[in-house]
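Undergrad: From first to last, the protein sequence lines are chains A and B. Residue 198 in the UniProt record's numbering is what sits at position 198 of the first sequence, and the numbering runs on without skipping anything. Residue 7 in the UniProt record's numbering is what sits at position 7 of the second sequence, and the numbering runs on without skipping anything.
Honestly, the hints are just simulated from the structure, not real lab data. Honestly, I wouldn't trust all of these hints.
[Claimed, not checked] Listing some non-contacts, in silico: residues in chain B with all C-beta distances to chain A over 10 Å:
(1) H41
(2) A61
(3) L158
(4) R244
(5) S248
(6) R307
[Stated by the list, open to error] Listed below are the simulated EDC-like cross-link pairs for lysine to aspartate or glutamate, each with C-alpha atoms no more than 16 Å apart in a straight line:
(7) B:K38 with B:D83
(8) B:K189 with B:D177
(9) A:K127 with B:E52
(10) B:K127 with A:E100
(11) B:K173 with B:D194
(12) A:K173 with A:D308
Backbone N, C-alpha and C fix where the C-beta goes; we use that ideal spot for every residue, glycine too.
2 protein chains.
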Amino acid sequence: MSSTERPGEDSLIARFFAPIAGTGGLGLTDDAACLTPKPGHDLVLTADALVERVHFLPEDAPGSIARKALGVNVSDLAAKGADPAGFLLSLALPGTWTEEWLTAFAAGLGEASRDFACPLLGGDTVKTTGPLTLSVTAVGEVPAGRMVRRTSARVGDLICVTGTIGDAALGLKLRSDPAWAGSLSPDEKAHLADRYLHPRPRHRLAAALRDHASAAMDVSDGLAGDLAKMMRVSGASALIEADRVPLSGAAARAIQASPDLLDLALTGGDDYEILCTVSEMNLDTFRKEADRVGIALSVIGRVVPGRDLPVFRMNGLERRYDVGSYQHF
Amino acid sequence: MSSTERPGEDSLIARFFAPIAGTGGLGLTDDAACLTPKPGHDLVLTADALVERVHFLPEDAPGSIARKALGVNVSDLAAKGADPAGFLLSLALPGTWTEEWLTAFAAGLGEASRDFACPLLGGDTVKTTGPLTLSVTAVGEVPAGRMVRRTSARVGDLICVTGTIGDAALGLKLRSDPAWAGSLSPDEKAHLADRYLHPRPRHRLAAALRDHASAAMDVSDGLAGDLAKMMRVSGASALIEADRVPLSGAAARAIQASPDLLDLALTGGDDYEILCTVSEMNLDTFRKEADRVGIALSVIGRVVPGRDLPVFRMNGLERRYDVGSYQHF
Chain A
1 MSSTERPGED SLIARFFAPI AGTGGLGLTD DAACLTPKPG HDLVLTADAL
51 VERVHFLPED APGSIARKAL GVNVSDLAAK GADPAGFLLS LALPGTWTEE
101 WLTAFAAGLG EASRDFACPL LGGDTVKTTG PLTLSVTAVG EVPAGRMVRR
151 TSARVGDLIC VTGTIGDAAL GLKLRSDPAW AGSLSPDEKA HLADRYLHPR
201 PRHRLAAALR DHASAAMDVS DGLAGDLAKM MRVSGASALI EADRVPLSGA
251 AARAIQASPD LLDLALTGGD DYEILCTVSE MNLDTFRKEA DRVGIALSVI
301 GRVVPGRDLP VFRMNGLERR YDVGSYQHF
Chain B
1 MSSTERPGED SLIARFFAPI AGTGGLGLTD DAACLTPKPG HDLVLTADAL
51 VERVHFLPED APGSIARKAL GVNVSDLAAK GADPAGFLLS LALPGTWTEE
101 WLTAFAAGLG EASRDFACPL LGGDTVKTTG PLTLSVTAVG EVPAGRMVRR
151 TSARVGDLIC VTGTIGDAAL GLKLRSDPAW AGSLSPDEKA HLADRYLHPR
201 PRHRLAAALR DHASAAMDVS DGLAGDLAKM MRVSGASALI EADRVPLSGA
251 AARAIQASPD LLDLALTGGD DYEILCTVSE MNLDTFRKEA DRVGIALSVI
301 GRVVPGRDLP VFRMNGLERR YDVGSYQHF
């Protein structure tokens with residue numbers, strides 16, 4: 001499409017986004033979306049922005065970028081025990097976009113929207129002279145008063161994580177510096193790369209979290225840092241058995257070959273797993289619910305009194321990660 | 001602040017944004033906000049993004065940029081008849097931000113949030129290598145089923161606008177090319193410049209719009225283009241008496257000096273007034289309600305049958321503006 005044939009915003013929306021919109025989006029023909037909340041429910045709202053070269057790479061497939069932008073927001077909803085109700089997308093497009101790119105982006109967005117049961121409600125598309133920037137606001141629903149907080153972990157609770165930890169950070173490292181990965185099979189490398197590209201939000205765990213977890217958040221900035229954050233706002237500390245932190249076969253093999261990579265797995269970002277605390281008496285039921293929706297759950301430690309950084313026990317040593325927040329300004 | 005002392009996202013939020021957050025924002029200590037909708041109400045959701053050099057200028061005061069980002073969204077809510085319930089802000093910050101800038105930005109955001117009765121609920125702050133980019137998602141409430149649509153103008157309805165039209169476009173022109181404005185007083189110039197910088201969302205008209213308007217939208221991309229949009233999606237056309245389009249004293253004097261500027265006033269963006277259609281029998285009550293909340297209302301024409309672009313009658317001539325959508329990609 002030549003620059004003189006560039007469409008206006010309305011035709012761009014009608015062509016690429018209206019076909020994937022949910023009913024609340026009113027065909028994207030109005031200024032705003034309309035959502036009728038379930039009676040007796042609260043709304044949970046979260047926003048996450050992604051910037052090219054900061055949160056994804058220019059060579060990433062457009063469909064993957066779209067899936068990630070939605071996935072990281074649905075992951076936040078899941079951690080709060082909220083069922084997705086829909087999302088809005090603000091897209092700041094550099095002038096270099098092509099029809100092919102936007103077609104693939106919208107297809108990926110539509111597919112992710114269906115997979116996560118989170119319909120497109122509206123948004124905005126603007127020009128930028130800078131990098132591609134996406135901001136998603138996702139809306140979810142919980143029965144009134146039942147949002148799962150980050151601040152309510154209790155001393156004595158067990159600390160659990162879903163899935164596996166560290167894959168995404170290793171997947172990202174694989175792209176910038178693949179030398180260490182010589183011992184991995186092509187399948188293992190593909191697994192790690194895919195985990196960086198395609199977050200797997202645990203939205204199917206939302207109901208179980210609100211029924212059984214005392215606190216929860218998603219692991220987006222690294223397990224050690226996010227755990228420290230949760231413990232700080234809960235007024236507690238944590239003791240983690242590092243060998244219980246669940247690793248994929250690929251991550252385990254990578255760490256076996258280069259033991260230093262364990263630190264990266266425990267502190268690197270982009271896991272999009274759920275970190276939660278559960279009282280001992282709730283664990284069995286919680287685990288059954290997780291099994292039922294096909295989500296692996298690992299108990300990795302316990303909430304302990306104190307204000308110190310969480311301790312990771314490994315090979316008889318104790319380690320504290322002073323990672324602070326992942327992203328510095 | 002030197003770059004080695006850059007804070008993490010959490011301390012940046014705690015310092016600049018938590019103090020201005022509403023209760024639904026939970027002190028911005030969690031991953032998500034929680035909003036308890038009013039029983040029997042629908043939620044209206046809208047998102048608008050602003051990019052430096054596209055939607056505001058680098059030399060604009062940080063507080064003005066913040067106010068504009070929120071104001072354009074509250075304007076969308078107002079046009080839908082929705083009362084503001086809160087907003088989320090995604091902020092993509094270039095590395096050059098200073099403490100002074102962010103302090104002024106947060107102060108302006110807090111002030112606008114109070115003025116528009118629209119509390120901060122949450123958001124995200126990320127780094128960008130490009131221009132400052134803000135994306136706001138605003139949430140409003142309407143009694144169930146009462147959102148005012150853009151698509152429902154009826155043939156025979158009167159067409160109204162609030163406030164005055166064209167000031168912002170003239171205010172922007174004043175900044176890039178002030179030569180034409182020699183006949184304006186300093187106060188008049190200041191008025192036009194202020195209207196570009198500081199949208200005045202008509203949120204106090206929301207209740208009257210849902211009670212009396214058959215269709216509404218805010219005028220953000222120019223009166224002629226937005227009216228054409230509303231008529232197209234309503235399956236109608238419009239006849240406008242151009243001399244009834246309300247102009248400020250400053251705009252009237254500018255157009256008197258340079259008659260060509262009328263086209264700019266009618267097609268330029270950033271008015272953030274309300275364009276609505278009202279049946280003749282509702283007009284008196286609607287006008288009384290507008291008076292009561294101190295918002296000027298002008299009847300500028302009528303919805304007519306047809307599919308053609310709206311006609312603007314001026315000095316015995318008929319004019320159609322084929323402006324399409326303001327922003328081209």
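Undergrad: Are any of the numbered hints broken by this structure? If so, which, sorted upward?
TA: Of the numbered hints, 1, 10, 12 do not hold.
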